[in-house]
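> Based on the hints, put chain B in the right spot on chain A.
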Amino acid sequence: MLSSKASCNSHGQDSSYFLGWQVYEKNPFDEVENPAEIIQMGLAENQLSFDLVESWLRKNPDAMGLKNKDGESVFRDLALFQDYHGMPAFKNELVEYMAKIRGNKVKFDPKNLVLAAGATSANETLIFCLADPGEAILLPTPYYPGFDRDLRWRTGVEIVPIHCSSSNGFRISMHALEEAYERARKLDLKVKGVLITNPSNPLGTTMTKDELQNLITFAIDKNIHLISDEVFSGTVFDSPCFISIIEAAIDSNLKRNTDVLSRIHIVYSLSKDLGLPGFRVGMIYSNNQTVVAAATKMSSFGLVSSQTQYLLTCMLANKKFTSKYMKENQKRLKRRKELLVSGLKKSGINCLKSNAGLFCWVDMRHLLSSNTFEAETDLWKKILCEVGLNISPGSSCHCSEPGWFRVCFANMNQPTLEVALRRIKDFVERSRFNCQQNMGGFSRRLLSNWVRKLSSADHREEQER
Amino acid sequence: MGLLSRKVTCNSHGQDSSYFLGWQEYEKNPYDEVKNPKGIIQMGLAENQLSFDILESWLAKNPEAASFKRDGQSIFKELALFQDYHGLPAFKKALVDFMAEIRGNKVTFDTNNIVLTAGATSANETLMFCLAEKGDAFLLPTPYYPGFDRDLKWRTGAEIVPIVCTSSNGFKITESALEEAYQEAQKRKLRVKGVLVTNPSNPLGTTMSRNELDILVNFITDKEIHLISDEIYSGTVFSSPAFISIMEVLKDRKLENDSQVWERVHVVYSLSKDLGLPGFRVGAIYSNDPIVVAAATKMSSFGLVSSQTQFLLSAMLSDKKFTKEYLSKNHKRLQKRQNKLVSGLEKAGISCLESNAGLFCWVDMRHLLSSNTFEAEMELWKRIVYEVKLNISPGSSCHCTEPGWFRVCFANMSEDTLKLALKRLKSFVGSITINNQSHQELKNTRKKNRNNWVFRLSFQSFHDREQEER
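Sequence lines, in order, name chains A and B.
Read in order, the letters of the first sequence are residues 1 to 465 in the working numbering.
Read in order, the letters of the second sequence are residues 1 to 470 in the working numbering.
Next up, chain A with everything else stripped away, as it sits in the complex (with noise of 0.2 Å):
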């Protein structure tokens, strides 16, 4: 009697992303209120910057208050302003913000934006004009596991994994391009295009170049589409330097072959950087005309509230507080990733040298009990519920090999983070404590052999970075 949609599961909600979520809810962790209980790390928010934002809000009462700079009242015009264009002077200020954080190295035009009620509606919103039911897209794996639910679920667009591996720390090669191609081609398929996340949720990494030659490569050789999620563009805290897919495709000099560049297309939104989920504001940026016509009339189905519009555009308009925010912002995470980093580090855990978003890619491998993904959830399921910690397994993002974590670090303050590699240490510690203990009779000298074969694999860690 209902849909199909309605009856089936491929909103993938009953992923271990979402159920370690849920058992989180039933017992968060509260510093003051429940210190025992379970410490939020599965969610990529970062809450490092509200004083920044709260500052602002405190000396300009009047965007929230939706009066103009003169104090007159705007409440009737937002009132009515539902133009599915957006605000065009909210569009003005976006493009400006986005060139920033690309270091004016690109620059934007208003007009090819699209709004949407976050980047689930952007991407949704994208495959809805780029394949039909029954296409696919490949997506290079570990990916953001909502994917499963966004680009799939109403549009009846199939998945297909790029499969990449720790052992170019997880870099799209041309050769793992192809192979996925090659799959789809053998499902029946057709493939419509690649959506890459970059910088990539999860692994905190920017692509390089050459990653982006090679899919810009692709993308003409196989005339599909590329569509670039770059929601984390703004939490590039480190070098090397974030490079978009706009800048590679003009770089490359391809600008002559028009057609590639009306094929790329790309998502943002303010909730990463910004720290502004609740607002939901996302956003499509494309050079075809057409997409950008029919995603402009398909935005109906989320515009962004004009409320916030208004309060977006008076803070993104003055540029000392951008300025001011993308700088501090970005000191703060770094600061934070490295403490994440360092205290993993003192636990024997590696992780892949990243150098943006609000998360890091952790090597658990050698914690399992074996190299399976039983083991990577019976380990999941133990810093979940022993450790108290909830983090998000490798497998969760399709990760094709077992061990690997991603840990968020921005989303909680610093004492938490604290206590967080607290209990990871002890967590290990007893691990390595019971391992000794069921060595029973063996001798010190193979134990710390052991312990050191143990050791030798981190350093293989660092020889992948």
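What the hints contain is simulated information worked out from the structure, not anything from laboratory work.
Careful: at least some of the hints might be erroneous.
Straight-line C-alpha distance at most 27 Å; calculated DSS-like pairs for lysine-lysine [claimed, not checked]:
#1 K321(B) x K67(A)
#2 K35(B) x K69(A)
#3 K38(B) x K321(B)
#4 K297(A) x K382(B)
#5 K61(B) x K69(A)
#6 K35(B) x K59(A)
#7 K67(A) x K69(B)
From a predicted model like this one, the values you see are computed outputs, not experimental measurements.
Just chain B now, kept in the frame of chain A:
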């Protein structure tokens, strides 16, 4: 080449319809009292601009709600992070209470059954995704809101089959019309999943009678299908008969315990029409089926309401003194304004379908058509847009089966602008009459019949039609 999806290259977004084209003409030459007094007056936009002062006054007295403060404390961080698709609990509570208040508290709504969406546009599409897919159809009574062609069909792949309603009975839904529509769907090899009604009706401006609602409940029970009641205009009922919600009918017929029917009835609401806040994108789905609620909740990820807006409106709607005052004053103003339009049109010899709700009237201009055809309706519409400079919506854009009906909005302009629009229309009708008369004179040279003839024409067209429709 197939590089883009079929959804992009087809045109089932429906935006080539005249409904949207008239809008475009208005955009090119919009009326402004000072800057462009000869421009086109927008009467095709169902907005409520009559009661903003009441909202603004509340905002002025309650600055905390817009400033992310609660009891003097800043909750900005909490709101900035709030993206839970279950919605802000305080807002859902305030919303269901408001919905109950609109229905005279004859029904109550459970916050567990409400799903927030970015406007009714999103709510309707989401509900369609939950209930239907390619090969399925929903039956809709004509005339209906032109946007439904896009909202219900475009990305969902579902079809709309019209339930033909006519002026012979005031466009009311009948059993035979329902049956005919059902048969038509079968002929087209479509599986009927449900009926969608807009109550109060857009574009008619009428509330459904209890008899109509009973017929609907009987029909969906018999066919074992869904009923979606789009009640976004429920807060704009300004005169009798009182609004009867579908939920009230189910309750009165003691169908709460009949989960078969109970769980197949869904209501859509929004704050865009009565509160006049279309820019804030606040819509809602209310369903008695927990599976639909669960699926729609997840789907609402694609169109959540800004937490900033949820917070502001939860404070506003929780203020019961305000909601009572607003509903009462707003109704009075809508009624006054509708009366102005109706009486002004009467003076021009044009009658309207008798209405008690909505932000528009369903206007009978059949007597102004050169022939009883849709071509003639288009001709008339073009003249009204380009010569009279009024953007009104032709009945054909609403899928009306009889040519000559137009939807004319009355709540989206000032009283002076409405007066001007009526003046222009009166002269236009007068000029058509004179033209017809000159034409007549060529055939009939007797001058002294002129006045009699003109008098008879305006009296007859007004009088006869009136008696048929009411």
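> Compare the structure with each hint and give your call.
Hints, verified against the model:
no., hint, in the structure
1, K321(B) x K67(A), "holds, 25 Å"
2, K35(B) x K69(A), "holds, 23 Å"
3, K38(B) x K321(B), "violated, 42 Å"
4, K297(A) x K382(B), "holds, 25 Å"
5, K61(B) x K69(A), "holds, 21 Å"
6, K35(B) x K59(A), "violated, 36 Å"
7, K67(A) x K69(B), "holds, 17 Å"
The structure fails hints 3, 6 (numbered hints given earlier, in ascending order).
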